[in-house]
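Number of protein chains: 2
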Amino acid sequence: MSTMENPENIVWHKCSVEKLDRQQLLKQKGCVIWITGLSGSGKSTVACALSQGLHMRGRLTYILDGDNVRHGLNRDLSFKAEDRAENIRRIAEVAKLFADAGVICIASLISPYGKDRDACRALFPEGDFIEVYMDVPLHVCENRDPKGLYKLARAGKIKGFTGVDDPYEPPLKCEVRKIMLLCRYAFIVRMLISYAGVQLIDLQIVLQQKGTDCVTPGEMAETVISYLEEKGYLQA
Amino acid sequence: MSTMENPENIVWHKCSVEKLDRQQLLKQKGCVIWITGLSGSGKSTVACALSQGLHMRGRLTYILDGDNVRHGLNRDLSFKAEDRAENIRRIAEVAKLFADAGVICIASLISPYGKDRDACRALFPEGDFIEVYMDVPLHVCENRDPKGLYKLARAGKIKGFTGVDDPYEPPLKCEVRKIMLLCRYAFIVRMLISYAGVQLIDLQIVLQQKGTDCVTPGEMAETVISYLEEKGYLQA
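If you're matching them up, the sequences are chains A and B in order.
To convert, note that position 197 of the first sequence is 197 in UniProt numbering; the numbers rise steadily by one, no gaps.
To convert, note that position 199 of the second sequence is 199 in UniProt numbering; the numbers rise steadily by one, no gaps.
Isolated chain A (complex conformation):
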């Protein structure tokens, strides 16, 4: 056992350019917008709309996408429980570095367990962890299935898939929530039409054309931006 493993041997190096200086340069406050929700709930779409909306306002954002990070930093991690927790922990730690850099960091990942999200929140100063919950019913996400993963999970080809054979724990407290009431309504319509013998594929096209969301990703992004404005994150 090396004494280098003693945390006392790891000295913290302070530097005269601090978070506050970077924030003044950027005219914003560093923070993380943590977007949680089921696969197919629209996390990446909202993350993208948010980064566009903020960029248009001259603000610096950076998206940490759960999937993208698995191509680099977290390429050594599998999808077993402990590795999923480690995936979330590392993303939160990186988001913390970005927030310290003064960047508005947008983390977009399922992060299904409340305890993992709470551990992430605990890394940040009060207020700087802004949890955005994509409250989209499972059947809507599964109906979309943009990556075909629900199909694989239902076929038993993916084990421990959130919403299928692994739970999603909705946030008890979160700063912003996207609720898709219309989708619930659409589901009833879908069921009725299904009973009436209409092919589901037709309805799906109609839903896509009319929009399945009561809130569009753009509207959702605007809600988050208003929240940031109100809380003073869009000024130094």
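Just to be clear, a hint being listed does not mean it is correct.
Because identical chains cannot be distinguished in the list, a pair is counted as satisfied if it fits within a single copy or across any two copies.
To be verified - Below, simulated EDC-like cross-link-like pairs (lysine to aspartate or glutamate); rule was C-alpha separation at most 20 angstroms, straight line: (1) Lys80 - Asp165; (2) Lys115 - Asp83; (3) Lys19 - Asp67; (4) Lys147 - Asp165; (5) Lys173 - Glu126; (6) Lys115 - Glu175; (7) Lys115 - Asp76; (8) Lys151 - Asp100; (9) Lys29 - Glu229.
Since the hints were made in silico from the structure, they are not lab data.
Just so we're clear, the structure is a prediction, and the values are computed from it rather than from any experiment.
With chain A fixed as given, assemble chain B onto it according to the hints.
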């Protein structure tokens, strides 16, 4: 074995705000300045001077310090060989994210092995990995010993300490190098005076007053800034 572990199931999400847009916002190009050298060679001091110099020019930098990152992202890693390699890999991956965000990222860590540094370099587009070698002789670093680690290593209390019982492989190619010729000269003077019976402590004070470096950290930082300017990194 879950098919989620198949990389094909991890989709890359592109977003309409790209690196180029962020660079235009910041009026700079994202890159990493990788400062390598022995413990006590002045990596952190140069990193700090560099961030100050660039901040004064209105540029956004962020320092990833090997020691600091061990308090967060890499807190699960020990100092055994494979963990040291993983420490370097993760820092390089995070530096890549910062460079992608448009930030001039300054990574400051011993990174003693050529193959590890080359693996980091390979993550970046040509030119974006700027290696800065703190070419300071071991005896100078050991004489400074700012964290008292050489003393512990010589006493056998730290195993595998770079420069003592683990090698440092100097970069064969690097973009900027700090050479401390005067220190070599000072070493000879120190030896002569030592033979002459003068107390070393007196000489040490003299060396501190006159400066042991042929290049000060500020001058070194300016050299790197000139390099960045010349290569077009201080404009979008």
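Outcome of the hint check:
no. : hint            : in the structure
1   : Lys80 - Asp165  : within (13 angstroms within a copy, 38 angstroms between copies)
2   : Lys115 - Asp83  : within (15 angstroms within a copy, 27 angstroms between copies)
3   : Lys19 - Asp67   : between (28 angstroms within a copy, 18 angstroms between copies)
4   : Lys147 - Asp165 : within (17 angstroms within a copy, 51 angstroms between copies)
5   : Lys173 - Glu126 : within (14 angstroms within a copy, 45 angstroms between copies)
6   : Lys115 - Glu175 : within (17 angstroms within a copy, 45 angstroms between copies)
7   : Lys115 - Asp76  : between (23 angstroms within a copy, 19 angstroms between copies)
8   : Lys151 - Asp100 : neither (40 angstroms within a copy, 34 angstroms between copies)
9   : Lys29 - Glu229  : within (10 angstroms within a copy, 28 angstroms between copies)
When each numbered hint is compared with the structure, a violation occurs for hint 8 only.
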